[in-house]
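Participant: Single-letter residue listing:
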Amino acid sequence: MSMIVNAELAARFGLSAEEYQKVLDIMGRVPSLTELGIFSVMWSEHCSYKSSRVHLKTLPTKAPWVIHGPGENAGVVDIGDGLAAVFKMESHNHPSFIEPYQGAATGVGGILRDVFTMGARPVANLNALRFGDPSLPVTQRVIDGVVRGIGGYGNCVGVPTVGGEINFHPAYNGNPLVNAMTVGIASQDKIFLSAAAGIGNPVVYVGSKTGRDGIHGATMSSAEFDEHAASKRPTVQVGDPFTEKLLIEACLELMATDAIVAIQDMGAAGLTSSAVEMAGKGGVGIELDLDHVPQRETGMTAYEMMLSESQERMLMVLKPERTDVARAIFEKWDLDFAIVGVLTDTAHITVKHLGKVEADIPLAPLADEAPLYHRPMTHAEPPARLGTVADPAGVEHALLTLLGCPDLASRAWVWNQYDSGVGGQTARRPGAADAAIVRVEGTKRGLAMTTDCTPRYCQADPRAGGAQAVAEAWRNITATGALPLAVTDNLNFGNPEKPEIMGQFADAIKGMGEACRALDFPVVSGNVSLYNQTSHPSGLSQPILPTPAIGAIGVIEDVTKAIGLGMPDHAELVLIGEIRGELGQSLWLREICHREEGAPPVVDLHAERRNGDFVRRMIAKGCVEACHDIADGGLLVAVAEMVMASGVGCHLDKPHYGTSLHAYYFGEDQACYVIATKHAAALIDEAEKAHVPVRHLGRTGGTHLVLKDGMSLSAERMREVNAAFFPKLMER
Amino acid sequence: MKAGIVVFPGTNRERDMEQALRLVSGKAPTMLWHRDTSLPDLDLIVLPGGFSFGDYLRSGAMGAHSPILREVRAFAERGGYVLGVCNGFQILTEAQLLPGALLRNAGMRFLSQDGYLRVENSDTAFTRDWAKGDVFRAPLAHGDGNYTASEAELDRLEGEDRVAFRYVCAKGGLDATSRISNPNGSQRSIAGILSANKRVCGLMPHPENLVDPDLGATDGVPLFSGLVKSLVA
Numbered sequence: 000m001s002m003i004v005n006a007e008l009a010a011r012f013g014l015s016a017e018e019y020q021k022v023l024d025i026m027g028r029v030p031s032l033t034e035l036g037i038f039s040v041m042w043s044e045h046c047s048y049k050s051s052r053v054h055l056k057t058l059p060t061k062a063p064w065v066i067h068g069p070g071e072n073a074g075v076v077d078i079g080d081g082l083a084a085v086f087k088m089e090s091h092n093h094p095s096f097i098e099p100y101q102g103a104a105t106g107v108g109g110i111l112r113d114v115f116t117m118g119a120r121p122v123a124n125l126n127a128l129r130f131g132d133p134s135l136p137v138t139q140r141v142i143d144g145v146v147r148g149i150g151g152y153g154n155c156v157g158v159p160t161v162g163g164e165i166n167f168h169p170a171y172n173g174n175p176l177v178n179a180m181t182v183g184i185a186s187q188d189k190i191f192l193s194a195a196a197g198i199g200n201p202v203v204y205v206g207s208k209t210g211r212d213g214i215h216g217a218t219m220s221s222a223e224f225d226e227h228a229a230s231k232r233p234t235v236q237v238g239d240p241f242t243e244k245l246l247i248e249a250c251l252e253l254m255a256t257d258a259i260v261a262i263q264d265m266g267a268a269g270l271t272s273s274a275v276e277m278a279g280k281g282g283v284g285i286e287l288d289l290d291h292v293p294q295r296e297t298g299m300t301a302y303e304m305m306l307s308e309s310q311e312r313m314l315m316v317l318k319p320e321r322t323d324v325a326r327a328i329f330e331k332w333d334l335d336f337a338i339v340g341v342l343t344d345t346a347h348i349t350v351k352h353l354g355k356v357e358a359d360i361p362l363a364p365l366a367d368e369a370p371l372y373h374r375p376m377t378h379a380e381p382p383a384r385l386g387t388v389a390d391p392a393g394v395e396h397a398l399l400t401l402l403g404c405p406d407l408a409s410r411a412w413v414w415n416q417y418d419s420g421v422g423g424q425t426a427r428r429p430g431a432a433d434a435a436i437v438r439v440e441g442t443k444r445g446l447a448m449t450t451d452c453t454p455r456y457c458q459a460d461p462r463a464g465g466a467q468a469v470a471e472a473w474r475n476i477t478a479t480g481a482l483p484l485a486v487t488d489n490l491n492f493g494n495p496e497k498p499e500i501m502g503q504f505a506d507a508i509k510g511m512g513e514a515c516r517a518l519d520f521p522v523v524s525g526n527v528s529l530y531n532q533t534s535h536p537s538g539l540s541q542p543i544l545p546t547p548a549i550g551a552i553g554v555i556e557d558v559t560k561a562i563g564l565g566m567p568d569h570a571e572l573v574l575i576g577e578i579r580g581e582l583g584q585s586l587w588l589r590e591i592c593h594r595e596e597g598a599p600p601v602v603d604l605h606a607e608r609r610n611g612d613f614v615r616r617m618i619a620k621g622c623v624e625a626c627h628d629i630a631d632g633g634l635l636v637a638v639a640e641m642v643m644a645s646g647v648g649c650h651l652d653k654p655h656y657g658t659s660l661h662a663y664y665f666g667e668d669q670a671c672y673v674i675a676t677k678h679a680a681a682l683i684d685e686a687e688k689a690h691v692p693v694r695h696l697g698r699t700g701g702t703h704l705v706l707k708d709g710m711s712l713s714a715e716r717m718r719e720v721n722a723a724f725f726p727k728l729m730e731r
Numbered sequence: 000m001k002a003g004i005v006v007f008p009g010t011n012r013e014r015d016m017e018q019a020l021r022l023v024s025g026k027a028p029t030m031l032w033h034r035d036t037s038l039p040d041l042d043l044i045v046l047p048g049g050f051s052f053g054d055y056l057r058s059g060a061m062g063a064h065s066p067i068l069r070e071v072r073a074f075a076e077r078g079g080y081v082l083g084v085c086n087g088f089q090i091l092t093e094a095q096l097l098p099g100a101l102l103r104n105a106g107m108r109f110l111s112q113d114g115y116l117r118v119e120n121s122d123t124a125f126t127r128d129w130a131k132g133d134v135f136r137a138p139l140a141h142g143d144g145n146y147t148a149s150e151a152e153l154d155r156l157e158g159e160d161r162v163a164f165r166y167v168c169a170k171g172g173l174d175a176t177s178r179i180s181n182p183n184g185s186q187r188s189i190a191g192i193l194s195a196n197k198r199v200c201g202l203m204p205h206p207e208n209l210v211d212p213d214l215g216a217t218d219g220v221p222l223f224s225g226l227v228k229s230l231v232a
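Protein chains in written order, with numbering that gives the first Met the number 0: chain A, 0 to 731; chain B, 0 to 232.
No wet-lab data here; the hints were simulated from the structure. All of these numbers come straight from a predicted model, not from anything done at the bench. There's no promise every hint is true.
What the hints assert, rightly or not - No more than 27 Å apart at the CA atoms, straight line, and that leaves these computed lysine-lysine pairs for DSS-like:
hint	chain 1	residue 1	chain 2	residue 2
1	A	Lys331	B	Lys1
2	A	Lys443	B	Lys170
3	A	Lys49	A	Lys61
4	A	Lys331	A	Lys318
5	B	Lys170	A	Lys727
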């Protein structure tokens, strides 16, 4: 491929004609190849957020407990005792389709670095995964690789993978989603930021050597896929979790000293984005001498080194008198340590290689004149509410079908490949509670964490779907007894240059913002992944379902008081919230009637807040033995999941009809919880006083889920049906 | 009890082990570095879990050639107590301080799930706080836990009462051919073994992850409380 810098090469690098003209104006000359590379990655959608920025700004990001919101490597919130939780979620979608194992593995590695860069020890990983039609061989290949990749990296690096979610839909056939979240814990007075300071201070490179892998990865993830996706394999990076583990330990050891002025991981766009962002944020210039960059291959050019996305690398600005301390620590851990540059007062990034200046770009225009688009939008009418639907199947058949369907089947086959216990602080493993719970080492406190999104709701009504994703995350944390604190979002959408996609994006953010405000649940970090769209040779272009994945954390003062799904014998079941029988966009409608229709369930944020605050208060009072929110599959699936989790059965009361029987059992009404309690009378009394809708639902006991109409299913039978899907699909 | 935990590059359950030893013995263990060429005064050396040197070669193979292994070997030869868990067990077999080898799990996938172990010999410092035949829960977290040795070696281990633990199902049933009872396919369901003098013990599962009542279970406590009783005397 010819590398002569001109408008054509700029276009190949993903810059529009207008953007290339801007580059020419800023530089006052034709840029060098390295300079063009730097502009193209910094101005890629992935790095510049040029389509999304105007919308992201509308999200609430502040609260008294927020220490650092968006703009840093990860969000930071106060969790008490002088400690902070540091967390973020990030996508690695395109690489995970091209090369599932490495794509997913490096996704985990990248998000870990975002968190320990800030001084936090990573204590938990979660991942939100979306796959295509499970019957397709390509989907099975992707599942196998992604699960092995997440496990291969997380297990080795020694951070427990404690939660997440998996959905299937044909809209992800050519574009699966891998969103990885890391939560870390830091001391509030030891948070490290990326703004460089101190003219003359050394710029230090640590970690792995730089190779030719991942060049232009950020550009690749800023374009649609086509049938030639496989040819982009060289843009996927290769991960080394062993080196990452050493890097974590070395960085945390160095962070215990006072040597670091600023630190940033080399993620997307590698050395370019870390150098540009650190200098830019600090308002200083930076000069890099690439001769000193540790290199894995010979003959690398400046362009290749600046654009490489080799993994497990960090850039730091150190106090000059402390470089020897730092060097000794990295040598102890067998990691490369090299002084590769210096901070300057030029306000430029200058890149030298073999005695030649390869790039010299003014930093302010590179940042300030980065493109910002108010892209045109169209908004689809939300669908009408679903009319009455007859029950073609009966309750028992529907329940068993739902328990065995891909979206509700047991994820044990997946989770059992992830080390969920390393670190010795995991209090609730995957599936044991609505959110995973990890104790904060050295305290009684627990962190509750979850990821949530219901893409089929977002497709039908992006605004309601965006609100629902936030509400469900809040509810899942609440159901454990923890207080929800803050959100990280991973916004996965199609091509923003298509007005209907941009409309989905804006509407989803609007709904998210409304929910975040109503629930005091600010967004403190996040990531946008656009162009999740596959173009076919026929000219058709298939976007994914809009998927604003929400990662969230909460805190519980005493981890021994956290509540899971396991019900004891001889307890009463109580329903909090109101069942109206919302079958629109429900799994029942899709799995039993094969229809994806209607409006998604109403999200009443006032009810959500009121009901959730009540549930949390009752858990704190010790009135709750088990708790589970109603979500995919509705009330009966929620109860069945509690029976399967505990091996204890229950007898449900005669349903209260305001709706048909199947709508009552399988409607996906929001703001509802099923509670097992030994203080039912007091709890119902308290709920009535607080004007919270409440109803006696049944009694626990025996080994079967028993309905008044005669249905009786054993925990064992339901577990068998629930457990079958993944092994049958993947272990043939 | 003076315990030391060896940290290799890539070790990742040293903190879990440190917490367990501290909680049960009331005393913080000493952390040892793989390059150390001498040992402090110790009653017990623990090789914890993880991926020493990334385990990119055979699991434990690089760790077995670390400088500190010379000291560990000398310590064991002097009659010192050594416990290897997971990667630590793999290192002990690679260093030939214990016989046999740990191959890929029979299912060729990493296993992270509850395992159930039956105590086969309760007459050792590691197992004295259990009774022979007791069944306890211990999390598995490994890709290479499939214990293998020659038939003659296996017969010898059994003959000398050196099988410490076997995998069983939750109710105690033993079936080496079942992935429920014997999840990683280990020969004769062997989960943990002992040296000839019963002072070196290796096992794949992680009792150190089940010692804290605040996290829900204490099935792993007897391993550590037994060592404390034997070694504090």
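Participant: Hints first: check each against the structure and report whether it holds.
Facilitator: Structure-based check of each hint:
1. A threshold of 27 Å between alpha carbons decides the hint, and for A:Lys331 with B:Lys1 the separation of about 26 Å falls inside it, so the pair holds.
2. Restraint check: the Cα-Cα separation between A:Lys443 and B:Lys170 comes to about 33 Å, which exceeds 27 Å; the hinted pair is violated.
3. For the proposed pair A:Lys49 and A:Lys61, the alpha carbon gap of about 23 Å is at most 27 Å, so the pair holds.
4. The straight-line distance between the Cα atoms of A:Lys331 and A:Lys318 is roughly 20 Å, inside the 27 Å bound, and the hint therefore holds.
5. Between B:Lys170 and A:Lys727 the alpha-carbon distance is near 26 Å, which keeps this suggested pair within the 27 Å criterion.
Of the numbered hints listed earlier, the single one contradicted by the structure is hint 2.
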